[in-house]
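Chemist: Protein chains in written order, with the numbering used here: chain D, 30 to 535; chain S, 4 to 684.
Bear in mind the hints are in silico, worked out from the structure with no lab data behind them. Certain hints may be false.
[Unchecked claim] Capping the alpha-carbon separation at 30 Å, the derived lysine-lysine pairs in DSBU-like fashion look like this:
id: 1; chain 1: D; residue 1: K501; chain 2: S; residue 2: K105
id: 2; chain 1: S; residue 1: K105; chain 2: D; residue 2: K398
id: 3; chain 1: D; residue 1: K398; chain 2: S; residue 2: K59
id: 4; chain 1: S; residue 1: K59; chain 2: S; residue 2: K192
id: 5; chain 1: S; residue 1: K608; chain 2: S; residue 2: K192
id: 6; chain 1: D; residue 1: K398; chain 2: S; residue 2: K57
id: 7; chain 1: S; residue 1: K142; chain 2: D; residue 2: K398
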Amino acid sequence: MEDLPVLDLVIFAPLAGILLLAFIPKERLDALRYVTLGVTLVTFVISLGVLGQFDPSAQEQFQLGSSLQWIPEWGIGYITGIDGVSLWMVMLTTFLMPLGVLASWSVTKRAKPYFIFFLALETGLLGVFVALDMFLFYLFWEASLVPMYFLIGMWGYGRRIYAAMKFFLFTLVGSLLMLVAIVYLYFQAPGGPTFSYVELLDTPLTLDVQRLLFLGFFASFAVKVPLVPLHTWLPDAHTEAPTAGSVLLAGVLLKLGAYGLIRFAIPLFPDAARDLAPIIVGLSIVGIIYGALIATMQRDLKRLVAYSSVAHLGFVTLGIFVGSVQGMSGGILQMVSHGLSSGALFMLVGALYDRRHSRQIADFGGLAKTVPVFAGIFLLVALSSLGLPGLSGFVGEFLILLGTFFTYRWWVVPAAFGVVLAAIYLLWSYQRVFHGEVTNEANRSLPDLNPRELAMLAPIVALIVFIGVYPKPFLERIEPSAQRVVDTFNRSTVRPETASVQGGGK
Amino acid sequence: MNALLQLAQEHGGGGHGETAEHAATGVLGNVVWLVPLLPVLSFFVILFFGKKMKSKGHTVGIGAVGIGLLISLFGFFELAAGKGFVQKTWTWFEFAGGESLKLEFGMHYDFLTAVMFVVVTMISLLVHIYSTEYMHDDKRYTFFYAMLSLFTGSMLFMLIANNLMQLFVGWELVGVCSYFLISHYWEEKENSSAGIKAFITNRVGDMSLLFGIFAMFFIGHTFNIFELNHLAEVGEIGGAPLTIAALLMFGGAVSKSAQFPLYVWLPDAMAGPTPVSALIHAATMVVAGIYMVARMFLVFEHATPALDVIAVIAGITMLLAAILALVQDDIKKVLAYSTISQLAYMMAALGVGAYTAAIFHLFTHAFFKALLFLGAGSLIHAVHSNNMSDMGGLRKYMPHTFKTFIIGSLALAGIFPLAGFFSKDEIIGGALRAGSEGGRAAAWFVLISGGITAFLTALYMTRACVKTFWGEYRGHGTPHEAGGAMVTPLWILAGAAVVVGFLGFPVIGPFKNWINVPGEEHHGFETLYNVILPVLATVVAVGAIVLGLMLFLRKRWDVDLLGGPFAWAYRFAANRYYLDDFYMKGVVRPVQYKLARATYWSNQKVLDGVVNGVAAGTIAAAQPTYAVIDQQIVDFAVNGAAGLTGASGGLLRYIQSGNIQGYAAVLFGAVAVFVALFALT
């Protein structure tokens, strides 16, 4: 390993970028765009260094991190590190960010604060994925909320204020419950009060306490994922957010919840997690079908994509909680796949809106004739989203269903109902938008994708195909970490009641 | 085929490396994987560069499939010369921890694969050539060829699979190619909808297949087809779990190979270009279900109840579809229902244990049904209509199409010495033996159903031939014979329809030496069946043809029936037994409109209503505070450029002074203020 703290560089590179932006006059739109693009690209390149240095066969759980004292008297440290789960979340974030900048070309008003929030968001998101101190984690968790609130509320569409407020309040209520749980946990640590994640892992707790604390964390994560019935902020936030905001919401922000479940909720409270797993599995399956059914009803293309996220994230939580390594690995890979496919779909819908100022499915029809490349990419991404083999969506979905079959047997049947529904709402919307004759005159002269749009979609398409054909580089880094979480999850011993109350050491 | 078993054992034991290689003899072992790979490469070449080529891409596809055919033929002859077969495995991904679970891509090239390879590459090549003329003026000519290539590659990839996951991948990929090609003329909504219908119907079956695969892995701890076959044969797996797993897998075949009750997509799939119907929806993709059951035959054989279910479903399907073929006016739909009926023949053969007969019928059917479809394409090309009511008298205008179509029809009707005669007899014989010797009721059902279907088959083909080639021309313009690129494939296929049957000539035909149940001796027809059955079958077929000629040459029979005592039966058939209506009104609409709408309503009104209600209540209760926050936030943001620059400058100082903790504390403080403010509201 080299001496360069490459992981910490990744986290704070976007912050450095904010400083650069601060010196650019707000009128210089192009400069703002290209500097932001440059910063996100540099961040991505540094993150490639993280990927390169990551050792898939390492024995220790976390790699490449640093551990500094921060406020030692309160047991707060600056502790970072990644495993196979956070690695891909970091990569997904740094990968989508430059593409998100490319998707932000239509932002011309108040561009300077927009790009500043954009970069602040990146640091916040990356921080969540690498923080191994609960205090630091919570800090980043909240820090990622604020920029997104502004991105939706200031640069969004129609009902943006409502959507932003709803997003903020939902997330915040969840977060506060988590904060309470974190503080309680802090005092229970076996080696004296600490926020250090690794030390807290061995905290002895009774099942009842575990359940309460688990629910505290779960409240926060389930809102973010989102699990039905806590999802109602999502369609509004996704629909009203500016394109890049939707891309990052669906691509990365939703994964914060799933990541939190994998990193914190399960390993810290494995018995409670196992205890409550059937309920969460049930909710996930409800979410899969519920999201898919509602998606079929949507007349607004962007809302359709938003609801499809509810269904797809249902698959993710299903995989996480079925307690098999295939399900867990599939769930994690599905997080990446969903980030790519929903990100691309939001970009495409955004590009359509830029052209026609409409997202109503009924306003379109026959677009495959006028914008064939656009149509082709849309269909390919949709096919990945509905789980066609050879594209990334299949691998995750296949593993999740397989993993579910291993532990929950015939619960796969209703889940598979969602797979069929996905084909219905995606192909049906594709038909209505792209097939048929061009009936609306306004659609007759639409320009096909321009080079900038191709530049933001091509990398995603390439990755979708790559993962679909050759998922090994991804899975071999995911699997050991997934195995570790699943082992914790399946560890059958409830910790002894006596050891817990006074926290009397190990 | 003892080698197969040895292989299964060998494979079970060893080969944990990155690649496991078995019994690679001859040059083949090293090149046979090119057969699926070349069309896949050709897909990308055509897709990205096709439009710039002089040929618009078709030369690439023809070249790739042509080389594939050559390799397939060589491979076949090497196998026939006793060179053994090839198996290779590449690990796609392996789960190391816990129970080892390997996802692999592998190739298994034995006689069954070899025969299928020859069929697929040959029909595909002829369809490629035929389409250069048929699709000549098409707007999406290049894309069409790209998809033909992708389809061919995916189909071959599926056929060479040595494990169920790979089979599933290929299975889905041919399905999506089918979707693309059915909705090729997507300017019209019907065609686009037909593609979706095919895809969704198949998805339902695919999920069943997927669960079958999971269940197989669960009981056999492997995805490898030959290990599973072996385990079933030695009795390691069996009983109810195996039957359930086998039935679930068969569920996939029900949709893909268009069996009752999921056959409804195939007639609609005729919306695609006719060469596609010939290749995908007659000769190759739709036989995937038959192939899958044949591949897993030892498993199915040891799940006897499943075998009975297969026989009964197939027996029902063949009869239902044959009746429907009798009332169609669209010539492609006649052939589509005929295909369903013939697929059911193959499936029934497997159901009664007549393995060789099933594959033999698959083999001969591919040629004569592709011939009939391409012939129909030639007719449609000439008269610009699918309807036989717009045809008539065409034998004078299109002599080549006429002659080859008659050859195909006779082969389908099972007239000696054409291909269908031999293969159909074997199936009927198999059913008779399974009924009389095996005492299986399902086999008797197949026998009766098969007998009636044989009669109906000859009848509906007679009707179709009479309506198209005899009488007066009823369409517009003057039809003319197609050019060389279309006629040549017709004659090649007609030649095949004449000769390939002899490969399965009772006793002396070599087909049974190539294709037989792994590990079992072939049941030859040494008994009396050999003489009686063919004679009976010929009498039935000839009788049907004579009856048909009498009926249809005289007048338009369907019109008569509409007013006659059988009107209700005709209407029942003309409405496709109301099965489509049932799916539409009983499944699709309730889900799409009632269930989805109710869910959406509850989402918007109940769930979101609660959320908004809470919000409204809170706001009403704390309006002043809210306004302040709102003002502060929005003002801060809207006028924020300057403020933010200032703030950034402030941050800059913190960071430059290296006080990152201070920075973070500031940030956290800001957050805390928010938290506090919101907590107060």
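Chemist: Give a verdict on every hint.
Modeler: How the hints compare with the structure:
Restraint check for K501 (chain D) and K105 (chain S): the C-alpha separation of about 12 Å stays at or below 30 Å, so the hint holds. At most 30 Å may separate the alpha-carbon atoms for a hinted pair to count; K105 (chain S) and K398 (chain D) exceed this at roughly 44 Å. Only pairs whose Cα atoms come within 30 Å are accepted, and K398 (chain D) paired with K59 (chain S) is accepted, the gap being roughly 18 Å. Taking the CA atoms of K59 (chain S) and K192 (chain S), the gap is about 27 Å. The hint holds against a cut of 30 Å.
Our distance criterion of 30 Å between C-alpha atoms is broken by K608 (chain S) and K192 (chain S), whose separation comes to about 34 Å. Between K398 (chain D) and K57 (chain S) the CA atoms are separated by roughly 23 Å; this keeps the pair inside 30 Å, and the hint holds. For the hint linking K142 (chain S) to K398 (chain D), the alpha-carbon distance of about 10 Å falls within 30 Å, and the restraint holds.
Consistency with the previously given hints fails for numbers 2, 5, ordered from lowest to highest.
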